[in-house]
Every structure is written in structure tokens, then in C-alpha cells.
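Chemist: All chains, please: the whole structure from these sequences, using the hints.
As given, the protein sequences belong to chains A and B, one line each in that order.
Our numbering numbers the first residue of the first sequence as 80 and each following residue consecutively.
Our numbering numbers the first residue of the second sequence as 227 and each following residue consecutively.
Just so you know, these hints were derived from the structure itself, not from any lab.
Keep in mind it's a predicted model, so treat the numbers as computed, not measured.
Be aware that a few hints might be false.
Computed list of lysine-lysine pairs in DSS-like fashion (alpha-carbon distance at most 27 angstroms, straight line) [what the hints assert, rightly or not]: (1) A:K81 / B:K283; (2) A:K121 / B:K243; (3) A:K135 / A:K149.
Stretches of chain A that chain B covers, calculated by requiring three or more beta carbons in the stretch to come under 8 angstroms of a beta carbon on chain B [stated by the list, open to error]: (4) 118–131; (5) 184–191.
Virtual Cβ for every residue (Gly too), placed ideally from N, Cα, C.
Here is how the chains run, residue by residue.
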Amino acid sequence: QKEVEQDPGPLSVPEGAIVSLNCTYSNSAFQYFMWYRQYSRKGPELLMYTYSSGNKEDGRFTAQVDKSSKYISLFIRDSQPSDSATYLCAMSFLFSGAGSYQLTFGKGTKLSVIP
Amino acid sequence: EADIYQTPRYLVIGTGKKITLECSQTMGHDKMYWYQQDPGMELHLIHYSYGVNSTEKGDLSSESTVSRIRTEHFPLTLESARPSHTSQYLCASIGGGLNEQFFGPGTRLTVL
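Modeler: Structure below.
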């Protein structure tokens, strides 16, 4: 079983729709949960990160973490064609001795928002 | 905009060649990482560094090597490229916290 599972899609939605992207994970030691957006032929760009459980909102984006279910979600409201990209989830725990992180990624979900 | 750079962006080479992929950042980040990304697959960590003269291998077995002689520079070297090395290589750095992380644009390597 992979540590992080993410449905690769592709997912196609009409402009203005609410998009829900999800990942599940198996390692209960993960404490940090991240979502990235990656446009074609570019590096990933960090969208949001949350620590432990709960919700975090930033404009049209909301990240949710449910540690009891080992399930994280990213919601995009009023989706725009410019949101068309691959969305990656990633998780980490903190190596306190080195003060550093190692990220474990999902495969990414390819999203297309149709005008 | 992120101040992390990778060169070259695209590289096509023959089998057996030695290559170095460059990664530089001007943010003074201690933590730097190399990932390999194949289409439709996860990013896999191949090397990381927590600071000057610190390098470690990641989860994915790789025939590449890295060095960290200066904080801003984290080059990756393949001594003898093979077709199995064909992939996209992404460099990243993290500053004080996870909210300070940036990826470079990637190097797309093709080995013939």
C-alpha cells in the first residue's frame, strides 16, 4: 500500500463549479499536509499547508484535514479556467533533530476547468 | 516569484555521457531537495541536504550524486547517463518553515 493515495483523474468541470480534490494516507505520523498546483512544464507551487487537523481557507481555496480518517481535501470554489493544472497533495513529519522535512507526494490529479 | 533556478531546462544526450544538472537559490535556504517526476507519477525524493557539506540519499534509489559546497548551490551529477534516467528532475528549497518552500522549473532530461 502506498503511503499517499490520490486519484489521478483527469477531472473536467465547467467554469464556476466547486471542485473537490482528495488524498488518503496510511502513515498516522504525518503532521503537515500540503497542496500544490503544477502547471504543464513548470515546477509545483505551494498553495496551502495545514498542521494537524482542521480547515484552512485562502480566497477560493479551502483545505481540510481529517486525521481520524487519514483523509485530506482541497476545495476550489468558483473554479476558473486558470485553475486548470495538476494538483498534488503531500505530507510530512518534522525531523526535529535536523529541523527539516521530507515530503511524501501523491500522484496528482489533473483538473480541467472548461469555459 | 521564487528565486530558485535550474539549468538546463531541457537536455537530450546520448548514453554514457556525464551530465550535471544545476540548481541555485538566492533565498539563503539551508534545506534543498532533488526530486524525480515521471508523467502521472509521484514526485520521488532522490537527494536532500540540510546545509553545507550535508547530503543524504532519498527514498528512490538513484545512480546520481550531489554536492553542497555553498548554501545557494546544489548540483546533481550523473556519471554515465542511461535511457532509464530519462525523466523530469525538480529541485526545491525550504526556508524557516513549510510555508517558505519553492520548486524550480525543472530539467527535462532525455537519454537516447
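Chemist: Take the hints in turn and mark each one as holding or not.
Modeler: Status of the hints after comparison with the structure:
1. Of the pairs offered as hints, the one joining K81 (chain A) and K283 (chain B) holds, with about 20 angstroms between alpha carbons and a cut-off of 27 angstroms not exceeded.
2. At roughly 26 angstroms between alpha-carbon atoms, K121 (chain A) and K243 (chain B) fall within 27 angstroms of each other, so this suggested pair holds.
3. Taken as a hint, the K135 (chain A) and K149 (chain A) pair is honoured in the structure, with Cα atoms around 17 angstroms apart against an allowance of 27 angstroms.
4. Restraint check on the stretch 118–131 of chain A versus chain B: 7 residues with Cβ-Cβ distances below 8 angstroms, three needed, restraint holds.
5. Under a criterion of three residues with beta carbons nearer than 8 angstroms to beta carbons of chain B, the stated coverage of the stretch 184–191 of chain A is upheld, 4 such residues being counted.
Taken one by one, the earlier hints all hold for this structure without exception.
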